[in-house]
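Between the sequences and the hints, there should be enough to build the whole structure, so can you do that?
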Amino acid sequence: MRVALAAALLLTACGGVVPASTDASSSSGAASSTSTGAPIDCAGGPDDLFEKRIAPLLATDRPKTCNTCHLSGVDMEMFVQDTPCQTMACLESKGLVDLSAPEASVVLGWISRADPASPLIDQSVIDEEYQAFLAWIEATAQCGLCWSGDSPCGEPSGENCEEDEAAPAWVDPGDCSPLTRESLFRHKVYAWRDRCFPCHFDSTDFDAPKWIATGSCELGSLMTMRNVLERGLVNYDEPEQSLLLLKPLAEDAGGVMHGGHDKFADKTDEAYVDFLAWISREVECAP
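Numbering (mature numbering (1 follows the signal peptide of the UniProt record, and there is no 0)) for the sequence shown: -20 to -1, 1 to 267.
Don't read these hints as lab results, they were simulated from the structure. Mixed in with the good hints there might be a few duds.
[Unchecked claim] Computed list of lysine-lysine pairs in DSSO-like fashion (alpha-carbon distance at most 30 angstroms, straight line):
| # | residue 1 | residue 2 |
| --- | --- | --- |
| 1 | K190 | K227 |
| 2 | K32 | K74 |
| 3 | K190 | K74 |
| 4 | K74 | K247 |
| 5 | K227 | K74 |
| 6 | K227 | K243 |
| 7 | K247 | K227 |
| 8 | K247 | K190 |
| 9 | K190 | K243 |
[Stated by the list, open to error] Derived CB-CB ranges, DEER-like:
| # | residue 1 | residue 2 | range |
| --- | --- | --- | --- |
| 10 | G154 | E31 | 22 to 32 angstroms |
| 11 | R175 | E31 | 39 to 49 angstroms |
| 12 | E210 | G154 | 52 to 62 angstroms |
By construction, the Cβ of each residue, glycine as well, lies at the ideal position given by its N, Cα and C atoms.
Here you go:
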């Protein structure tokens, strides 16, 4: 079961961070966001629906949306748990599924970002996977989560990433593709996260905004970037006034009050320069 779940979740891990304005039913041919409208039998539970609608997709030898994935190295162990029930609870706790508005779930946006022009898949593959996951989310929304506990995603796997040692090898292509923007964040912002340890890490109990996600490096970085954008830490009108820069910057260098003390001594600090580089690209590339 765990292997099947890992394969299923890999279908959803390929797209990275999806802007709030993403429309899965746009005229570009993306998967339809229309509700499945399928009858939901809570007696059987969302687990049964997973087995009937999603597992059969995994049993075929045809290519999946993940074959066009730009983050093929994503480690889904952060989300995949022992049962469909716990896996859904984990996804919900991380904000990747929205049980109040299933069609707005981030995982559906990830699936819809697969390229139907790829020689590996066509629109029917995307649509079938999209509708299967939408049905699973809708069933959970109606029937309720079938797993309860304090840590649906398990205990945090730690704050250190072996991949950090290879970070300087990455070369910025300088474009605005989602992959470039996500990779730039990974190497220019997430790589400096230790300066914010432990207060802002989601694995600690400190009384501070928990915007830094832990777990596998790639997924931790993606979730952290999503948190930064959703919390308004980037100022699109005046990039250098972004709270992501001003909070850690020393007040005598132009920063604002920060309960966690100074993290950037001044604007020549290497971390400040890297943060600003990512913010500047994000502002430049934003729709």
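Quick rundown of the hints versus the structure:
no.	hint	in the structure
1	K190 x K227	holds, 14 angstroms
2	K32 x K74	holds, 25 angstroms
3	K190 x K74	holds, 12 angstroms
4	K74 x K247	violated, 33 angstroms
5	K227 x K74	holds, 25 angstroms
6	K227 x K243	holds, 8 angstroms
7	K247 x K227	holds, 12 angstroms
8	K247 x K190	holds, 25 angstroms
9	K190 x K243	holds, 17 angstroms
10	G154 x E31: 22 to 32 angstroms	violated, 45 angstroms
11	R175 x E31: 39 to 49 angstroms	holds, 45 angstroms
12	E210 x G154: 52 to 62 angstroms	violated, 26 angstroms
Consistency with the previously given hints fails for numbers 4, 10 and 12, ordered from lowest to highest.
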